[in-house]
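Q: One line per chain: the protein sequences are A and B, in this order. The numbering of the first sequence is this note's numbering, which starts it at 431 and goes up by one. The numbering of the second sequence is this note's numbering, which starts it at 431 and goes up by one.
I should point out that these hints are in silico values taken from the structure, not numbers from a laboratory. Glycine included, every Cβ here is placed at the ideal spot set by N, Cα and C.
To be clear about the criterion: a stretch of chain A counts as covered by chain B if any three or more of its residues have a C-beta under 8 Å from a C-beta of chain B, and this derived list gives those stretches:
no., stretch
1, 464-471
2, 556-569
3, 583-590
Protein chains: 2
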Amino acid sequence: MMASSSWGGPACPVPAGAGDRIQLGHGSGGRMTLALLKEHFFRAFGGQKLELMADGAVLPWQGQELVISTDSFVVTPVEFPGGNIGDLAVNGTVNDIAMMGAEPRHLSAAFILEEGLPLAVLDRVVASMAKAAERAGVTIVAGDTKVVEKGKADGLFVTTTGVGVRWGKLSPAPHQARPGDVVLVSGPLGRHGMAVMAARGNLGMWIDVESDTAPLWSLVEALGRRVGDSVHVLRDPTRGGLAGVLNEVAAASRVGVRLEEGALPVPEAVRAACEVLGLDPLYVACEGVLVAFVTPDAASEALEVLRTHPLGREAARVGEVVEGPPGMVTLRTGFGGTRVVDLLPGSLLPRIC
Amino acid sequence: MMASSSWGGPACPVPAGAGDRIQLGHGSGGRMTLALLKEHFFRAFGGQKLELMADGAVLPWQGQELVISTDSFVVTPVEFPGGNIGDLAVNGTVNDIAMMGAEPRHLSAAFILEEGLPLAVLDRVVASMAKAAERAGVTIVAGDTKVVEKGKADGLFVTTTGVGVRWGKLSPAPHQARPGDVVLVSGPLGRHGMAVMAARGNLGMWIDVESDTAPLWSLVEALGRRVGDSVHVLRDPTRGGLAGVLNEVAAASRVGVRLEEGALPVPEAVRAACEVLGLDPLYVACEGVLVAFVTPDAASEALEVLRTHPLGREAARVGEVVEGPPGMVTLRTGFGGTRVVDLLPGSLLPRIC
Numbered sequence: 431m432m433a434s435s436s437w438g439g440p441a442c443p444v445p446a447g448a449g450d451r452i453q454l455g456h457g458s459g460g461r462m463t464l465a466l467l468k469e470h471f472f473r474a475f476g477g478q479k480l481e482l483m484a485d486g487a488v489l490p491w492q493g494q495e496l497v498i499s500t501d502s503f504v505v506t507p508v509e510f511p512g513g514n515i516g517d518l519a520v521n522g523t524v525n526d527i528a529m530m531g532a533e534p535r536h537l538s539a540a541f542i543l544e545e546g547l548p549l550a551v552l553d554r555v556v557a558s559m560a561k562a563a564e565r566a567g568v569t570i571v572a573g574d575t576k577v578v579e580k581g582k583a584d585g586l587f588v589t590t591t592g593v594g595v596r597w598g599k600l601s602p603a604p605h606q607a608r609p610g611d612v613v614l615v616s617g618p619l620g621r622h623g624m625a626v627m628a629a630r631g632n633l634g635m636w637i638d639v640e641s642d643t644a645p646l647w648s649l650v651e652a653l654g655r656r657v658g659d660s661v662h663v664l665r666d667p668t669r670g671g672l673a674g675v676l677n678e679v680a681a682a683s684r685v686g687v688r689l690e691e692g693a694l695p696v697p698e699a700v701r702a703a704c705e706v707l708g709l710d711p712l713y714v715a716c717e718g719v720l721v722a723f724v725t726p727d728a729a730s731e732a733l734e735v736l737r738t739h740p741l742g743r744e745a746a747r748v749g750e751v752v753e754g755p756p757g758m759v760t761l762r763t764g765f766g767g768t769r770v771v772d773l774l775p776g777s778l779l780p781r782i783c
Numbered sequence: 431m432m433a434s435s436s437w438g439g440p441a442c443p444v445p446a447g448a449g450d451r452i453q454l455g456h457g458s459g460g461r462m463t464l465a466l467l468k469e470h471f472f473r474a475f476g477g478q479k480l481e482l483m484a485d486g487a488v489l490p491w492q493g494q495e496l497v498i499s500t501d502s503f504v505v506t507p508v509e510f511p512g513g514n515i516g517d518l519a520v521n522g523t524v525n526d527i528a529m530m531g532a533e534p535r536h537l538s539a540a541f542i543l544e545e546g547l548p549l550a551v552l553d554r555v556v557a558s559m560a561k562a563a564e565r566a567g568v569t570i571v572a573g574d575t576k577v578v579e580k581g582k583a584d585g586l587f588v589t590t591t592g593v594g595v596r597w598g599k600l601s602p603a604p605h606q607a608r609p610g611d612v613v614l615v616s617g618p619l620g621r622h623g624m625a626v627m628a629a630r631g632n633l634g635m636w637i638d639v640e641s642d643t644a645p646l647w648s649l650v651e652a653l654g655r656r657v658g659d660s661v662h663v664l665r666d667p668t669r670g671g672l673a674g675v676l677n678e679v680a681a682a683s684r685v686g687v688r689l690e691e692g693a694l695p696v697p698e699a700v701r702a703a704c705e706v707l708g709l710d711p712l713y714v715a716c717e718g719v720l721v722a723f724v725t726p727d728a729a730s731e732a733l734e735v736l737r738t739h740p741l742g743r744e745a746a747r748v749g750e751v752v753e754g755p756p757g758m759v760t761l762r763t764g765f766g767g768t769r770v771v772d773l774l775p776g777s778l779l780p781r782i783c
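Sequences and hints are given; from them, build the entire structure.
A: Here's what the structure looks like:
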């Protein structure tokens, strides 16, 4: 059984009178994030490219298409089972580039360090970044470090920006989902989020779960080679989880998405931990999983491509695109009922990435 | 008269036994920053491009050269006379690109917001960024926002990453200074640093100084058109000031640099504030000034180009490159003496950008 995930769900309460200040919920990836972006960023910047709500931007360049994407990482704790803020910052950004159908090439990395951070922690983080960059096939070409006084940051924050090049075989975008498209996920849901929660000691129990942080370009490349034309949308369900990504795509494409609860690949350890915390695995972040919307004729081949890749062995067909209601994601439960899988208003798990 | 600026100078003391942790001095742009980069970043990343110590990287691309550069901004307070963290974050990164002889084209911007930040402050910062981007001729194409709990950041931090394209008329680099080169600065020294100090209320006096934050590409372009081949090095003296930049160039080029104290364009308000604080203006950050190393035959023309540009009206010839001692910067004082202008060991003015 999953906990409720609609408006009355487990999101953080909003303090009264806090409407004119930043709240934790603004960082959730849910409705409050969306409102913050629309009202306080997009209007001022006025950039059409930002309005597309993709993870990055596509820039025409000398007959090719460059892709640029940026992300700040503020995960706490900075080290968790299966990874740390360093490999997370590399994989997070190369995956955003891969989800735009581009091959990641170069990264920049900017560090904000808190006075008192043990250099041994910094060394482990930097070593993880170097290893993750090598695995992902990117070079870290530019960097910056700033230091702030003790108590003015939280250990370290890392911002990575990536540059990639569109490959030509894939041009996925969030607004391209069409009724009939099949929704595939490449692996188990919720591992990253639950690994971070476990590292915080919030579970009151020991669970055997590691973050899935991994670079996804090779998986995207494999899809592109075999069924490139049939891939309408690619996303990685990080902050906000699968529910967040599907809601974004449903809204951008003006379609509905129908999930089958029984088809969702939720590891037993994640399911158990979610029950303890009263969370829904649909909202818990992955960092090494992709969601693909593909045409129905190509769905079986796409699933096979995913399953024959080491990162996609547990790939599954989890739902389909329907006409409507536009923007709505629904879940058919094991009991034959249907419930709405809404965007959360505020924070489910702050600082998960 | 200037205060001492050598090892015994006004840098923050290093707490005993703190050698295995990050200290404020690691963010100074001085010796400790250099040591941190060498021992904890370059070795792990092993990138030749990072080793060049330029502000960004040059990437060959389809017969052109792309330039990428990144910087985190943690200035406190976030608003100060003449600017705020928003325009500073735009100008800082477009200037790093311009200093590599490249025209800035696109920016990404990643925000780390502290819970409780007034949205009115955020709005002013974002509006300044939009205006600065327009003035600099760049588009902000990708962004990210993260929120951390109250007390885990300091208002807001902004990381900008820029992409530019080399123009062909200029290819400056820190290792290209040659004996005989003339050192030019495009404007008055120390305005940004002193404006931030004034905003902190640290001066105990009122001074009439605003940050000089401005985008420098048009100035670089003008230089490039008239004397491009003669420009060996371009840098902007931000964190660490003119002294920091000249020491870096002297070390990278294995030459000496000799400054003339009487030629340094230090505004009276900056000089007075520095005396109150016991600081040397040579170490105080500018954010709208460039330093150019040009061949002696082109020096007069370069100076004229700078002086006819609105941002370069107070440009001055401040010194020259000498054979050695390699890596050493010296200053001929008004009294006919000579002193060494060393890198500071630690922090002079933390969180100035």
